[in-house]
Amino acid sequence: MTSTAEPEVGRARLRKEDARLITGRTRWTDNMVLPGMLHMALLRSPMAHARITKIDTTAAREMPGVIAVVTGQDLAEEQGSLPCAWPITEDMKAPDAPAMAVEQVNFAGEAVAAVIARSKAEADDALESIDIDYDELPVVLDMAAAIADGADLVHENLGTNRCATWVYDSAEAGSGGAIDDAIAGAEVVVERTYRQQRLIPAFMEPRSMLVDPTGDQITMWSATQIPHILRWMTAAVTGVPESKIRVIAPDVGGGFGGKLQVTPEEIITFLMAKRLGKPVKYTESRSESLASAHHGRDQIQKLTLAADRDGTLRGLKVELLADMGAYLRLVSPGVPILGAFMFNAIYKMDAYKFVCTNVFTNKTPTDAYRGAGRPEATFGIERMMDELAAELSMDPMELRRKNWITHDEFPFTTVAGLTYDSGDYESATDKAMETFGYDALRAEQQERRDRNDAIQLGIGISTYTEMCGLAPSRVLGALRYAAGGWEHAAIRMLPTGKVELVTGTSPHGQGHETAWSQIVADQLGVPFEDVEVLHGDTQSSVRGMDSYGSRSLAVGGTAIVLAAQRVLAKARKVAAHMMECAEDDVDFTPGTFSVKGTDRGVALADVVVHAHVAHDLPDGVEATLDSDATFDPENFSFPHGTHLCAAEVDTETGRVRLRSYVCVDDVGKAVNPMIVEGQVHGGIAQGVAQALFEEAVHDESGTLTTGTLADYLVPSAADLPSFDTSRTETPATTNPLGVKGVGEAGTIASTPAVVNAIVDALRHRGVNDVEMPCTPMRVWSAIQAGGAR
Amino acid sequence: MKPFAYTRAHTVWDAVAAVSAEPGARYLAGGTEMVNLVREGQESPDRLVDIGDLPLTEVRVHGRGVRIGALAKRVHEHPEVRRRLPVLAEAGLSAASPQVRNVATPGGNLLQRTRCHYFRDVRFPCNRREPGTGCAALRGVNRNNAIFGGSEHCVAVHPSDIAVALTALDAVVHTHGPAGERVIPVEELYRLPGDEPNRETVLDHGELIVAIDVPPTPFAARSHYLKLRDRASFAFALVSVAVALDVRAGVTHDVRIALGGVAPRPWRARAAEDALRGRRFDDDARAAAGEAATTGAKPLPHNEFKVELVRRAVVRALSEVEGR
Ligand SMILES: Cc1cc2nc3c(=O)[nH]c(=O)nc-3n(C[C@H](O)[C@H](O)[C@H](O)COP(=O)(O)OP(=O)(O)OC[C@H]3O[C@@H](n4cnc5c(N)ncnc54)[C@H](O)[C@@H]3O)c2cc1C
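Which chain is which? The protein sequence lines are A and B, in order. Counted the way the working numbering counts, the first sequence spans residues 4 to 792. Counted the way the working numbering counts, the second sequence spans residues 4 to 327.
Hints were generated in silico from the structure; no laboratory data involved. It is possible that part of the hints are untrue.
If you want a taste of the chain B side facing chain A, the calculated C-beta under 10 Å gives, among others [as the list claims (entries may be wrong)]: (1) Glu43; (2) Gln45; (3) Tyr121; (4) Arg146; (5) Ala235; (6) Phe239; (7) Phe308.
Below 20 Å or equal to it, Euclidean Cα-Cα: the simulated SDA-like pairs (lysine to any residue) are [as the list claims (entries may be wrong)]: (8) B:Lys5 / A:Arg64; (9) B:Lys5 / A:Ala62; (10) B:Lys5 / A:Val69; (11) A:Lys305 / A:Asp127; (12) A:Lys351 / A:Tyr171; (13) A:Lys123 / B:Val41; (14) A:Lys123 / B:Met4; (15) A:Lys434 / A:Val69; (16) B:Lys5 / A:Asp127; (17) A:Lys351 / A:Thr307; (18) A:Lys501 / A:Ser630; (19) A:Lys123 / B:Lys5; (20) B:Lys301 / A:Ser784; (21) A:Lys123 / B:Gly180.
Glycine residues also receive a C-beta, built at the ideal position from the N, C-alpha and C atoms.
Turn these sequences into a full structure, and let the hints guide you.
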């Protein structure tokens, strides 16, 4: 390795994990087979709200291959209550959340019984022989109705469907003025109500788990994003000491937040394996996954934006209803709260107030889904900016320019109390506008309007930011979150010259093995190929807070840099000893130590061996160069960017065709631009999916009618245009890599860009909103209603 | 899932005999539909007779048109089908996904069951699945259901794309049954639900489709399939239109228009055809055909949009085929 080699960080390397993932020569949880392994199947409630009056499992027990049949009653003593780690207020109402329903079911899809059998087919068959009677209870589906006086209750014992109300008021917090004054004093006030429909994370690999109780430790393989948290919480829920539990997340096929969960299925499988003393596996079907894995979004947003006639923003009031579904899962109540700091986005204003009421309904619980709270907020404010621009007859980009934080104003403390360390909205926007051909598109739009063309053109803008790098532990503490936000990395310098990096992050599609290798290679001057990244096993990765919230690089990547610095600090001592010089005289160029001003040097590889055999170490230096570090960020990171979408709307059929999509994202330093691009592409697709296609629909009985991928419309490449993605690089100042995170950017930005484009295409026909997903029917109905006005 | 016996048939007669002999026996072709139905409980056969080995896989062009074996795979890729029967090639390509199309057969496609949510979700009452239990779709989310041909007992739509194309091509199916051989026009293969929605086709128990025949017609070559759906691939039609046109000297000599996604069977829009026949094939005529295509529509609470969609889709399909 020579010091002239091209740095690894910044190279668009192919991902090293892809060969095994693409060829299937890898371990997914469901592939694993252990000796004596049993299979579990779950019976799920068809009712959204009912009391269980009878369960008869006699016939099922006698079915071939069946080892055990259990009901919620049988597990009641052991199963505890599933954890909610984010009690957002002191008086938050939290229902008991049994892994398996005991007396009452509260959403359709809730587990009511389990069969363990020798084969999966036998377990499935036996489910049909379980006889259950339900006494139906009134179903609570609509949030507004749920919090009205005299509403039917999801949880009778809580006495209300209101879970909690959380408030941020800039006047109280001292980050700005009073919202009522701002509204009263403003020349223009725009009020809108938007619906963030319920979405399903729809990860490709269904949730799968295998628990092996053989030996002293119980081992749980799970397709999870959070092996470390899962281990902790499984101990907390079941009372089994954490030291007796090992959790392994092998290769995991997607999550999008959907596997940031401690699931009922994991707890039930764990308890059954423990009880039977045999390995037990459970893998859900696609329809089970869609109905019972947690959902995302689902908010009603009432927004009031106040401004002066010249476009200067005065204040923003946000009143939310957020649907928790039937139970509080791991971070359910906190998801909308993450949006509290983002509704003001990149804009300056005098006053801000955010009030969110979390509501229980008889639906699948909601929790984190790609962006978690921030897409909802970005959608709200970016739609409102367009509405205000229309109200003022101003160009929507002009309005944004007028109000955003300019690049010379950073660091900037916002009206929501966060300090944005860096950003350059002007550069990203200028670059995007140029590629997009904004002016030419506006001219074409006018021309189509003038000749009343059946195909109308709209331009949608989204100038977003997000808070990433979750999260400074002290901020989490202040927000009443139960855990920290640090991350851990350990580097093992093997005597054969290879390097093992152990990370506390838990990749499930992101490419950490590649990106982390690039970072280590640069830090230590070792070949990329020589770095092995270990993750996801609580026995080797002893500490970690796992992957979600665009945190892995900004927090976990920084821990790697710190650990590498410790390796080098130790190596420097050993190298000085080997070269018989003072430590201060040692120079390090990647891969080699030398004595300043001489040609004497030793290779890092030799220092590694020297430290490992430990035959001759300086006093006070321990054997091996292995080092670890834990990083707790001081602040969030704030990726931003400008997304522009041109949409053609067929006014005859309501069909929307995205003609072009241009985005310039600033995610700070890109460790691997190809991975960044992949994340942006996938993210945009998922955000477009919310704008145009996806929605979890329940009928009056609370049954999910979009319970298969034929009905829940995850779009394919055929539905999307080719995206023009590029970047500006304004380094974050809060971590040594200058990175910000990119996992959620595309999803956060694209939804409002698309909807703004649709509304923009139809505004001259009297349309100022189309509810998502903007299906042909909804668009068409909006045109009819608009024309009628 | 109820256990069932499995038999592989080696000749048409073996197959017919095996299914005819047992009321609970069913054919299994590609299995892309049947296996799902069995697993999800909409069907619980006592025996599946696998017809995958039968020599019914050919697509053959002969003097009397194109004969498509009931087990021919990926018919839409066949060069003669693409050339002579564009509407069929387009309909076939628009169906399902590449993976499904690799396995699925035309016979199975014609006899697939409805995608009505309340038929597919066995927790709901459904007259089609369990006669006499009621129709949950009438009061449920019925956005995807029928606007033509439904009854108070059932408003399901037939999901096949190729059945719509074949209807516009005057195609017939050849069957072998316990009572011998028959030829049935595709359009007449399906029964409207009436008060017996569980009787979906005119086929007898054990009657096997062996081939589909598309006769030579002056309108087949100038034909087109327009499918409107919620996403660009892997989705069933909200509304689809198959048009086949014979225009001579600017005047419509003959025409077929069939609609999909709107009725319990491919819906021949005869009034729309009449609006075109013998008239100049121009914008006015197409608009009149679009209007006429909606004649008799009875939308449900959630699918009123389909009426307008039919009107516009017919106009568009006719405009798109004009240039061919
Ligand atoms: C995810 C998905 C998406 C789909 N999307 C579409 C779509 O967009 N458009 C569309 O048109 N279709 C679609 N389909 C349906 C698909 O085309 C059918 O499943 C397929 O054509 C059935 O053929 P098969 O050979 O697999 O039939 P099988 O599953 O083997 O059989 C289906 C039925 O037909 C009977 N049968 C089969 N062959 C014969 C025969 N020769 N004689 C008598 N009875 C017979 C069987 O007994 C059974 O009842 C989709 C299917 C899936 C799974």
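**OP:** Run the structure past the numbered hints and jot down the numbers of the failing ones, going up.
**Re:** Failing hints, ascending: 2, 11, 15, 21.
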